[in-house]
Amino acid sequence: DSGVTQTPKHLITATGQRVTLRCSPRSGDLSVYWYQQSLDQGLQFLIQYYNGEERAKGNILERFSAQQFPDLHSELNLSSLELGDSALYFCASSGRDLTDTQYFGPGTRLTVL
Amino acid sequence: DAKTTQPTSMDCAEGRAANLPCNHSTISGNEYVYWYRQIHSQGPQYIIHGLKNNETNEMASLIITEDRKSSTLILPHATLRDTAVYYCIVIPDMRFGAGTRLTVKP
Numbered sequence: 001d002s003g004v005t006q007t008p009k010h011l012i013t014a015t016g017q018r019v020t021l022r023c024s025p026r027s028g029d030l031s032v033y034w035y036q037q038s039l040d041q042g043l044q045f046l047i048q049y050y051n052g053e054e055r056a057k058g059n060i061l062e063r064f065s066a067q068q069f070p071d072l073h074s075e076l077n078l079s080s081l082e083l084g085d086s087a088l089y090f091c092a093s094s095g096r097d098l099t100d101t102q103y104f105g106p107g108t109r110l111t112v113l
Numbered sequence: 114d115a116k117t118t119q120p121t122s123m124d125c126a127e128g129r130a131a132n133l134p135c136n137h138s139t140i141s142g143n144e145y146v147y148w149y150r151q152i153h154s155q156g157p158q159y160i161i162h163g164l165k166n167n168e169t170n171e172m173a174s175l176i177i178t179e180d181r182k183s184s185t186l187i188l189p190h191a192t193l194r195d196t197a198v199y200y201c202i203v204i205p206d207m208r209f210g211a212g213t214r215l216t217v218k219p
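For the protein sequence lines, the chains are Y and V, in the order given.
In terms of our numbering, the first sequence has 91 at position 91, counting the first letter as 1, and numbering is strictly consecutive.
In terms of our numbering, the second sequence has 219 at position 106, counting the first letter as 1, and numbering is strictly consecutive.
Treat the hints with caution; some may be incorrect.
A few chain Y positions that, by computed beta-carbon distances, are all more than 10 Å from chain V [what the hints assert, rightly or not]: (1) L11; (2) A14; (3) Q37; (4) L43; (5) G52; (6) T99; (7) T101.
Here are the simulated lysine to aspartate or glutamate pairs, EDC-like style, with alpha carbons at most 20 Å apart [unchecked claim]: (8) Y:K57 x V:D206; (9) V:K182 x V:D195; (10) Y:K57 x V:E168; (11) Y:K57 x V:E144; (12) V:K218 x V:D195; (13) V:K165 x Y:D97; (14) V:K182 x V:E127; (15) V:K165 x Y:D100; (16) V:K165 x V:D206; (17) V:K182 x V:D114.
In short, the hints are calculated from the structure, not lab data.
C-beta: ideal position from N, C-alpha, C; glycine also.
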């Protein structure tokens, strides 16, 4: 158990809909990262937040957005969903420095029908 | 594209050492080499990391070449539970490659 929690575990929705994925970092960690892993694909870094502020951006679509709240939990919002958005979405957390170890949560499996 | 390249797959006999190579020829001086593994569709599990020196922990050893352009992850006594996809990444670059699928065989 990494100490990072993600909800929900599974999510099934339809094309065109909007969903919110939630992540709670490990106690004391200030950074949260979001990754997408499509079927049989590697992990794609989406975005990083540090202490409430966006710190780094990867291959995140404009239809996707994220935020980190004062209690440090984070939410990833996915809108106008397409079939190709079906994937595992992982959250990771780390400490203060960009080079600190990231600890991953168990992921949310999103299925878009 | 990721900053790292790894073989697509490797096999290892149970009880033997598994040596997983990784090339990162464009690594910068302040970037670390991190290794993670992913079993089935679980969240990636941290294994080990290093900057310049070789490192060892309870899970594995990490050997980094002097020029830092490549590294090797060593699992000293592989077990069936070590079967997984192993990712070598450069932090803070955060671009994962496809990883190496290690299969440990009885």
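Okay, the hints, checked on the actual structure:
1. L11: L11 (chain Y) is indeed farther than 10 Å from all Cβ atoms of chain V, at 14 Å.
2. A14: With a cut-off of 10 Å, A14 (chain Y) remains clear of chain V, as the shortest Cβ separation is near 23 Å.
3. Q37: violated (8 Å)
4. L43: violated (4 Å)
5. G52: holds (19 Å)
6. T99: The assertion about T99 (chain Y) is violated, with a minimum of 5 Å to chain V.
7. T101: violated (6 Å)
8. Y:K57 x V:D206: holds (11 Å)
9. V:K182 x V:D195: Distance of about 26 Å is beyond 20 Å: violated.
10. Y:K57 x V:E168: violated (30 Å)
11. Y:K57 x V:E144: holds (18 Å)
12. V:K218 x V:D195: holds (10 Å)
13. V:K165 x Y:D97: holds (18 Å)
14. V:K182 x V:E127: violated (29 Å)
15. V:K165 x Y:D100: The hint holds at about 16 Å.
16. V:K165 x V:D206: The given pair, whose Cα atoms are some 17 Å apart, holds under the 20 Å limit.
17. V:K182 x V:D114: Satisfied, since the Cα-Cα distance of roughly 17 Å is no more than 20 Å.
Hint check: violations occur at hints 3, 4, 6, 7, 9, 10, 14; the rest are consistent with the structure.
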